[in-house]
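Number of protein chains: 2
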Amino acid sequence: MTSSALLTDLYQLTMLAGYLEQGMAERPASFDLYFRTPPYRGSYAIFAGLEPALDYLENLRFTEEDLAYLQTLGLFKTRFLDFLRHFRFRGQVIAPPEGTAVFADTPLLSVQGSLAEAQFVETALLNIINFQTLVATKAARIQQAAGDATVLEFGLRRAQGPDGALSVARAACVGGVLCTSNVLAGKNLGLPLRGTHAHSWVMAFGDELAAFRAYASTFPDQCVLLVDTYDSLQSGVPNAIIVARELREAGHELQGIRLDSGDLAYLSRKAREMFDEAGFPQVRIVASNELDEFVIDSIREEGGRVDIYGVGTKLASCAGEGGGALGGVYKLVECDGQPRLKVTGDPEKSTLPGRKKLYRATGTDGRFLQDVVALAADDHLQPGQRVYAPHNPLQSRRLPEDCRLDELRRPVMEAGRRLHAPEPLDQLARRCHQQLEQLPEGCLRLINPHRYKVSISGDLSDLRSQLIERALKEKP
Amino acid sequence: MTSSALLTDLYQLTMLAGYLEQGMAERPASFDLYFRTPPYRGSYAIFAGLEPALDYLENLRFTEEDLAYLQTLGLFKTRFLDFLRHFRFRGQVIAPPEGTAVFADTPLLSVQGSLAEAQFVETALLNIINFQTLVATKAARIQQAAGDATVLEFGLRRAQGPDGALSVARAACVGGVLCTSNVLAGKNLGLPLRGTHAHSWVMAFGDELAAFRAYASTFPDQCVLLVDTYDSLQSGVPNAIIVARELREAGHELQGIRLDSGDLAYLSRKAREMFDEAGFPQVRIVASNELDEFVIDSIREEGGRVDIYGVGTKLASCAGEGGGALGGVYKLVECDGQPRLKVTGDPEKSTLPGRKKLYRATGTDGRFLQDVVALAADDHLQPGQRVYAPHNPLQSRRLPEDCRLDELRRPVMEAGRRLHAPEPLDQLARRCHQQLEQLPEGCLRLINPHRYKVSISGDLSDLRSQLIERALKEKP
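In order, the protein sequences belong to chains F and H. For the first sequence, position 262 (counting from the first letter as 1) is numbered 262 according to our numbering, and the numbering increases by one without interruption. For the second sequence, position 451 (counting from the first letter as 1) is numbered 927 according to our numbering, and the numbering increases by one without interruption.
If we strip away everything but chain F, and leave its shape as in the complex, we get (with noise of 0.2 Å):
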C-alpha cells in the first residue's frame, strides 16, 4: 500500500502552516472520527483499518523528495518545509478491535497530539478507516446471508485499481471472507487462494466435455468445472457427470462445479439432484454472476443448494443502497484543554465536545442494549443511570439496573508507537461473527433493520448544552 506523507489534501499542508506560524502547532488537541449513519441501510458498521492505519502513523515522515515537490508549489515558506523534514507522529490512538460491531455517532478512533499532527494525519486515517471499514461490513452481510455457506472473494477485475483490491481483501477478512481468487492477496496476507477455469477455457477447446477431461488431467484432486458455456443442465451437468465417473475411476473425486448464470437457486437445486441420483454427493455446487446479500438470501430462501457463494462486483464496489462510501468525518473536539464545538443549523451535524469514552451495555442475555459515549472525566456512568439521545437532550431513558458496563476502546498507540502486535485476521472475523451474534434481535435484518441505541451521558449532554448556549450568546 502506498505509505507516503503527500498522500493527502493540500489544505493539511496549508493549515499545518498556518498553525505554526501563529504558533499553534504545539497545543494539545483531540480529535475524534466517526460516522454518522451505518453504511447500506443496516444498524451497524464492522470496524477495519485500524492496523494499516497505524502502519501510516508509525512511518510517517517527509523525504528530501517530497519537500523538494512542495517547494515547487510556491506555497510554503523555507521555516515551515524544516519543520515538515522533522515531522512525525507522536500522539496517542484509542479504538476499538478490529472486527468490532460499531455504531452512527460514536468515537472510533480517537487521536490525541500536537494540533500539528493531530490535524495532518485526517485526511490518511479517513482514506484507510472508510474504506476498510465499508468493506468488512459489505462482507459481514454476505457472509450472514451464506449462513454455513463459504463466501469466496473475487472482486479483484472490477475493483478500484490494483491495490483497492488488495485493501478489499483484507478488509473482506474482517467481515468473515475469509477466501479469495486474488494470489497477490493470498500471498501477501497468508488468506486461502481459489480458483478454476473460466469459459474462455470450454471455448478454447470448442467441445465441453473435451475441456472438462483436458481440466480433469490437469487437476485431478482439485477440479472444479464451469458448467454454463452451453447450457448448465441439458450440457454442462451431464458432461461435469461424465467427467466424475471419469475420475472415478482412476481413483480421484470431482471437487465441484460453477453455475454462473440464470436462476441459481433452480438450477442449483436441480443439479444437486443430477449429481446425487449419478452417485456424487459430494460435488460441492458453486454459484456466482452478480451476488449480494439479497440475492444469497433468495437462492436460501427458496431452497437453492449452493455450497460456496463466490462474490466479485459487489463485494468489491461496496454496492447496494448507502453503500459506495462511508461518509465518516474526523473532528477537533478539544483543544489546548478546552472542549470544541461545531455548531450548525442541522443539530445531526453538530459535534459532540470534549475527550471521551464509548460504553457498551450489555443484558445479562449476554445482548448488547446500547453504546453510550461519556467524557473522558466522566466516572460517574452507572447501570440505572440516566443517559441522553445524542442529538437532542430531551430525549432520555434509563439504562437498565441489570446490565454490564464495558469499554470499548483501549489505547493502541503511544508516543507514536503502536502497543500491541497486531491480530491474526481469522481472529478479527471470529470476533466479527461474535459480535453479530450478540447485537439486539432484528439488528441483522436486511431490510429496515431495528436501530441499535446510542446514548450520550448526563455529563456530555450537559457540556453541549452549555457550548451551544455560549455560542449563542456570543452571536450579535
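Worth double-checking, as some hints may not be accurate.
As the list claims (entries may be wrong) - Calculated pairs, DSS-like style, for lysine-lysine (alpha carbon to alpha carbon, straight line, at most 27 Å):
1) H:K949 to F:K270
2) F:K349 to F:K473
3) H:K746 to F:K473
4) F:K349 to F:K270
Stated by the list, open to error - Rough simulated footprint, nothing fancy, chain F against chain H, three-plus residues with beta-carbon under 8 Å:
5) 810-816
6) 849-863
Since the hints were derived computationally from the structure, they do not count as laboratory data. For clarity, every value in this text was computed on a predicted model and none was experimentally measured. In this text, a Cβ means the ideal position worked out from N, Cα and C, and glycines have one as well.
The hints should help you fit chain H onto chain F, whose structure is shown.
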C-alpha cells in the same frame, strides 16, 4: 501502482498450467475487452486506463519470490513454474486513444498473442480499464454538468484506499477534471493542487474572524475561506468581507470563499450579491458537499453563482445508479485461426466472434452517427451499406451515403512493446471534451439519454449466425 504478476485471479494460473499441459499454450488467440451496458444509465463511456494497462503488459514477469509462493500452493508442477519464470507478454494490443467516447458491445482493447499470454492478462486488464473508464466517465459527466465552471477532485478521504485515490485522480483528468486536492497525485501526475482549510481550523481558534485573519496572514495571496462553520450568511460571509477589506488595504485580494452545507444555489447567489455590493467581484465562490452531476445541474438550473465545484465522494466512489463498477468483460474471439463464440440462452450475453475492426460513422455536420463493428478481414464496409443490430440479425439499417467512416482503433503494442509515447493528460482531457461535443444531440442528457447506435457488419452478422447454427447442430 502495484504491478505484480500475482495480481491476478488464481484461475488464470490454473488455466495457464492446463494449456501448457495440453500443448495449447502457444496457439494463437485473440480476445476482446468490452462492456455490455454504459455506466450511470448514460449513453457513453470515456475510455481510460490504456497507459497503465500497457505499463502492466510491458513489465509483466514473475519474480523468484512469486514462484516460491506459487510452489507452496501445492497446485503446480515444476515444469509449469519454469515456464512462468520466462513468461512475458509479447503480444499485440489494439485500442482507441484514451479520452475517446466509447459504447456498449464495441471492442475497446483487442489482445492478440499466444493463448497463454493473451488469456493470462485478463484480470489485470479488466481491473485497470474497468475502473479508470468508470471514473473518467463520471468525471466527464460532472464536468459537462458544470459547464465552464472549474471542477476540483477531492475524493481522497473516501476513495478505495491510497492507490485507489491515485487511480481516481488520473482517470478524472481523462474525463476533464484536472485539479485535485491530493498532493501525491499532484506530484506524480503533475496536476494543479487546490485546497484551503477545514472547519477544524475555525474551531481551533474558537472565533471565526480570528481564524480567517490568521489564515489570510499566512496566505495573503492564496486565501480562500470556508464560511459555514457557524452560519454562512450571518457570520461566515460578513467575516470574510472584513478580511477581504483588510487584505486589500495591505495590497492583497481575497481569492474566494467555500460553501460546504445548506442550499448551495441560494447561498451562492446571496454570497455573490454580498461580495459584489461590498466591492469584491473578484472573490470566487467554491461549493462542495456531496456534489455530483445531478446536484451541479440543479444548482446551475436555479441560477446558482458557483465558480468552482469541489467533488469528492461521488466521484471517487463512482456513485449513482448504474455506477459502482463497470462490467467490462474479456472474451476469447479467435483461437488457432478459428472464430470462437459463447452461446447462451440470453442473446445479449452471446459474444461476437472473430478478430475485428471498429469504425465510427460521422455525418456531414461533424457529428458522430454510429459505430460499426466489422471483421478484421472484412474490407467491404462503405457508406450506404446495410448494417445489423449487434444481437438481432433481423434488425438492420443502411449507413447514410454521405457519412465518413474512420477506424477508431490502432495498434498500440506490438511484440509486447508500446508503439507510442504516452500522451499528456491534458491532451486526453481535450480529446474527451471534443468527443462529447460530437455526440448526437440528446446523448449527453443526464436522464434517459438518446441511445447511441452500434451496429455490426453484414459479414460479422453472417459469421455469427453460421457459428450459432453449427453449435446447435452439434447438440444432441
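Outcome of the hint check:
no.: 1; hint: H:K949 to F:K270; in the structure: 25 Å, holds
no.: 2; hint: F:K349 to F:K473; in the structure: 20 Å, holds
no.: 3; hint: H:K746 to F:K473; in the structure: 25 Å, holds
no.: 4; hint: F:K349 to F:K270; in the structure: 53 Å, violated
no.: 5; hint: 810-816; in the structure: holds (count 3)
no.: 6; hint: 849-863; in the structure: violated (count 0)
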